[in-house]
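Use the sequences and the hints to build the structure in full.
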Amino acid sequence: MNWPDFVLATIFVPLIAFIVSTWVPGIMRKIQARIQQRIGPPVLMPGFWAVLKFMYKERIKPVSPLPRLFHSIPLIGIVLMFFIILLTNPEWDGVLGLTTLVALAGLIKVEETLYIVMGNLSDNIMSVRMPYPDLVSGSVMKAKVRRNFEKISVTRAFKLITVGSFPLYLGLFVPAVVAGSIGIMSIAKYQGFEIADFTLRGMYEMNPLILTVPGFIGAIAYFAGYLVILNEYPFSIMHTKADVIEGPTMEYASVSRAGYYLMREITMFVMSSVFVTLYFGIPPTLNLAMVPHIILAMILPVLAAIASAFSPVLTFRQVYPLSLGFSALGVIGVIVAIL
Amino acid sequence: MREMFVFMIKGAYDNISRILFATGRKTSIPMRNKILSGQVTYPQVVNDDSCIGCGACANICPVDAITMVDMEEPVRITEEYVKERRPVFDPMKCMYCFQCHDSCPIFAFYGKPSAIHPRHVGDSKVNLKELLQRPIVIKDKKEFEEVMNLLDEKAKKLLEGGI
Amino acid sequence: MMLKETSRKNAVHIMLVYTGGCNGCDIEVVNAVLSPFYDLEQYKVMLTWNPREADILAVTGPVTKKIAPALKEIYDAIPEPKLVAAIGACATVGGPYANLGGDLGSSDQIIGGVEKVIPVDAKLPGCPPRPEDILQVVASVIPLLAEKR
Amino acid sequence: MADTDRKDRAEYEVPLGIVHSALLEPFRTRLFVDDETVVDAEITYDSAHRGIERIMEGMPVQKGLIITERICGICSHIHLWNGTRMVEQGLGIEVPQRAHHIRVIGNELERIHSHLLFLGHAFEILGHETFSMRCFMLREPVQNILFFLSGNRVHYTISVIGGIRPRADIDKEKRRTLLGMLNSLEEGCKNFANRALKDSLIVSRIKEIGYLSKDDAVKYGALGPNLRASGVCEDVRTRVSEYSNFDFDIIVYDGGAVLDRVACRVFEVLESIKIIRQALETLPDEEPMNVDFEIGEMGFSTSYNEAARGEIYDSCALDESGRIKNYINRTPSMSSISAMEVSCIGDHLTDASLIIASCDPCLTCTNRITVVDENKGREYVLGPDEIRSMTRRRRI
Ligand code: SF4
Ligand code: SF4
Ligand code: SF4
Ligand code: SF4
Ligand code: SF4
Ligand code: SF4
Ligand code: SF4
Ligand code: SF4
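Protein chains in written order, with this note's numbering: chain A, 1 to 339; chain B, 340 to 502; chain C, 503 to 651; chain D, 652 to 1047.
Don't read these hints as lab results, they were simulated from the structure. Hints may contain errors.
[What the hints assert, rightly or not] Listed below are the simulated DSS-like cross-link pairs for lysine-lysine, each with C-alpha atoms no more than 30 Å apart in a straight line:
| no. | chain 1 | residue 1 | chain 2 | residue 2 |
| --- | --- | --- | --- | --- |
| 1 | A | K61 | C | K567 |
| 2 | B | K464 | B | K451 |
| 3 | B | K432 | C | K567 |
| 4 | D | K825 | D | K714 |
| 5 | C | K625 | B | K365 |
| 6 | D | K976 | C | K567 |
| 7 | D | K823 | B | K481 |
| 8 | A | K151 | D | K858 |
| 9 | A | K144 | C | K574 |
| 10 | D | K858 | B | K349 |
| 11 | B | K373 | C | K625 |
| 12 | D | K858 | D | K841 |
| 13 | B | K481 | B | K451 |
| 14 | C | K650 | C | K506 |
| 15 | B | K373 | C | K650 |
| 16 | A | K144 | A | K61 |
| 17 | C | K650 | C | K625 |
| 18 | C | K618 | A | K61 |
| 19 | B | K480 | B | K451 |
| 20 | C | K511 | C | K574 |
| 21 | A | K151 | A | K109 |
| 22 | C | K650 | C | K574 |
| 23 | D | K823 | B | K451 |
| 24 | D | K865 | D | K925 |
| 25 | C | K511 | A | K61 |
| 26 | B | K432 | C | K625 |
| 27 | D | K841 | B | K349 |
| 28 | C | K506 | B | K373 |
| 29 | D | K925 | B | K365 |
| 30 | D | K825 | D | K841 |
| 31 | C | K625 | D | K714 |
| 32 | B | K365 | C | K511 |
| 33 | A | K151 | A | K61 |
| 34 | D | K823 | B | K468 |
| 35 | D | K714 | C | K618 |
| 36 | A | K61 | C | K546 |
[Unchecked claim] Covered stretches of chain C (in silico footprint by chain B; criterion: 3 or more residues with CB under 8 Å from a CB of chain B, positions within the stretch not fixed):
| no. | region |
| --- | --- |
| 37 | 533-542 |
| 38 | 592-600 |
| 39 | 620-628 |
| 40 | 637-645 |
Yeah, the Cβ is synthetic: ideal placement off N, Cα and C, and Gly gets one too.
Here it is, written out as structure tokens:
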């Protein structure tokens, strides 16, 4: 291992990811706005200025049984994402034997469960706490418990994660099968990536996985999983704006809201970056490869923006069959890869 | 099937050009410019040039949003008519029912753009002098008789000549 | 600090609360947000339904007695700096429901203008105001937001 | 809404509102849920109560009628029209045919913009922002037409006792412009209907949920498109003399699901355009207003009409000096609430707000039954059973 490179990469790769990711929501919003035939917000607004603005807002104690834990969840999410991007980094190859898809999947799983914790810790004002005297009036039915919608979000997030993230894991799995290894770097190398002599010209000679049949199928499955883990439309079942249930993130205010925004942005970018590493064979690293990496990493958010502009929020009635379908696709991908 | 395919290709083409070149944008650019330069203001409500100061609008307003104030310098519009008051409109009280607009004689009698409109009075200029001296034409015989009954003897004599 | 003001001017979240008006103002506000013809987002203003996220609270309608506590609670939930825009005749003074009664007295079911419940920073008359008026008033209060502490 | 045997099955309750993104308007929804299935729903809608009927008490009728329009910003024209119509009928005031035509045009334009607003709202709840915006874009020209016609986008104040306000009269030039605007509106609506109702994702989301059977629709007092989407062919316009000159179809769907309610409204828009076109083409050439009447004592008079959401009813009496006594206004949403509650039952929690939205809730007009018990010093709202018994459908 090359220590200076290692340290530099450990500091700068996440930093670059961090900076780039502040553009992602703005780009997505702009694309949607263009589809909707309007001007839309400036590109930096939703991801960068909004975050900064929240930093300068008054700090409020959230209504939550464990405010400290509640506040620190976004931070945990961000740290997790930093680790994920480091694991896909060539300089980290072989560190503690962690740079495998298994470790990656584990971290993603933790990220998913954060939403569940969030929901359980929040109690926003739009529901039970709304000052409204309706207990005296009444339906014939008296329910035992009054629940706010975060709690239901939690149940749904749980279900969504169990069924909905299959495609993602299958999408992670396909490259491993094709490359015959679960080491992230060996997958990249299988596609022709060489950290030492990476040139833009050299990119033409690589054989990215996405151009093969199993790779393509796997990429589709991965994309579906990407939408699920981001809770992006159409899979935003646990926190849609206009659904009965608004998400568990409603109590985040000021700095922690900024944290939540950042966590979302960086998840968008990092999950897409993982995709580029696995399917294009170009990992994020501190040389020329970073440029095509970042450009390619915009593909998934752009596709996500287009997909969400043209689909309604799906409920479990559609999510089950759809995610089954995508999982089946993933399985097909795996089978094709084995053949 | 083929139709569906053509439809999809066309839709894809439309949307890609929307994304890349912002074609088919519906947002109003003139309005954007106006708003960014802070030019959208409450429209002028009373067109003082065409108002004759009769007070009908203040009378009819159901929420007393219009008050008539005495003018410092009364305006002589015609030989016989001097405008002494003008209406002042309070946007905060108004409920935009347009009673004032509909009952303003400039609109109701002469069919010209009303001197008062809580939204857009525009810049309709009316030559009041001409307008007020224009003879009012009463076509209906019955109506004419009604008007005659309202007038006093002296005025009746003047109008005796018929319509 | 410069960064603070710039960030506040460049990203604004607006929340709507309908306090029992006739829907007219509500729809015009929604129109200003959702209709691509008006497109509120181009002025760096995003719609939100969450008081924790909001900077500007747009209130429409005369505050009815039933909804006043909720309005107050929502206002309290917004972190500083925050602004309130009263949109429409109802929100400014109670509108036709308070005025039209005239000698008969206004409705005793409403509290009246929004200022009677929470402090108001901008008022927009009209029944209802046109969407462009709404856009203008929102655009014109944004600098106030930046000036706040 | 619950039968007694369902009583124990509610596991928990999810209260929403009175301010919530899914509701838009200030009303409280309580969903009683059993393992994510809604077993009962309760909609409480007293937060917009402004006591309008009370304000009107004792006002001179011309002045009082202005505020009927302020009952609601969606049904604004029909309230004023129905109010004036009621007074005209009660006092036997003659109204020129031209005024009738223009009032009908106003009402149909209102129906179009209301239905498009419904679609916009429904798509917003579906999470389909793009289509929601397309609906609002379609609606914009309608608002422009109304502005062009009357000078206000929401409260047009067209009708007045005896006819229409001269401001809203349609001269030759306006007529030509209107016809042109209608053509492009029709094309836009057709294209959009084609696109939206063929989108398989959208259809999969709205079909087979929110089922309201024909019997329930009648029993719980659904009105207008909600009733027609459940297979009942009923439209007050067929009995309103002003409409007798026009030829239009009543759109009826049998499904009773959200899809049917959406489709019903989409196609009603096209029918409305048809009516407006006929009314414009046969516009009689005469004075639009009759001023030859006197307002005096009037016995109890009533009037029914079809608003965008169904039957609307107004009644009042006048005293000797023409002041209002006992104004009563019953709006369509008032009656449809119970049906909204029923149609949620048995569906998944996620769909509940969509289902409620698909019945087009708009409750600003609806709040009236807050009972103040002075002896006990408390205020409460009548329960659904009482409300239901008050809103039970009048069979005609
Ligand atoms: S003309 Fe009409 S408005 Fe004018 S003073 Fe006479 S009654 Fe009043
Ligand atoms: S529009 Fe306003 S000023 Fe005019 S009569 Fe009505 S309330 Fe009064
Ligand atoms: S009614 Fe018309 S002319 Fe008379 S005071 Fe009012 S605005 Fe002036
Ligand atoms: S100001 Fe007018 S349009 Fe707005 S809510 Fe009040 S009555 Fe309705
Ligand atoms: S029922 Fe409707 S119109 Fe009557 S007072 Fe209540 S809100 Fe006003
Ligand atoms: S319920 Fe009571 S307060 Fe409400 S409109 Fe009727 S009489 Fe007035
Ligand atoms: S039903 Fe009531 S709230 Fe709905 S549009 Fe009609 S009048 Fe307005
Ligand atoms: S229930 Fe019947 S009798 Fe009683 S007020 Fe209503 S319509 Fe009249």
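### Task
Could you tell me which of the numbered hints above are not met by this structure, giving the numbers in increasing order?
No hint contradicted; all consistent.
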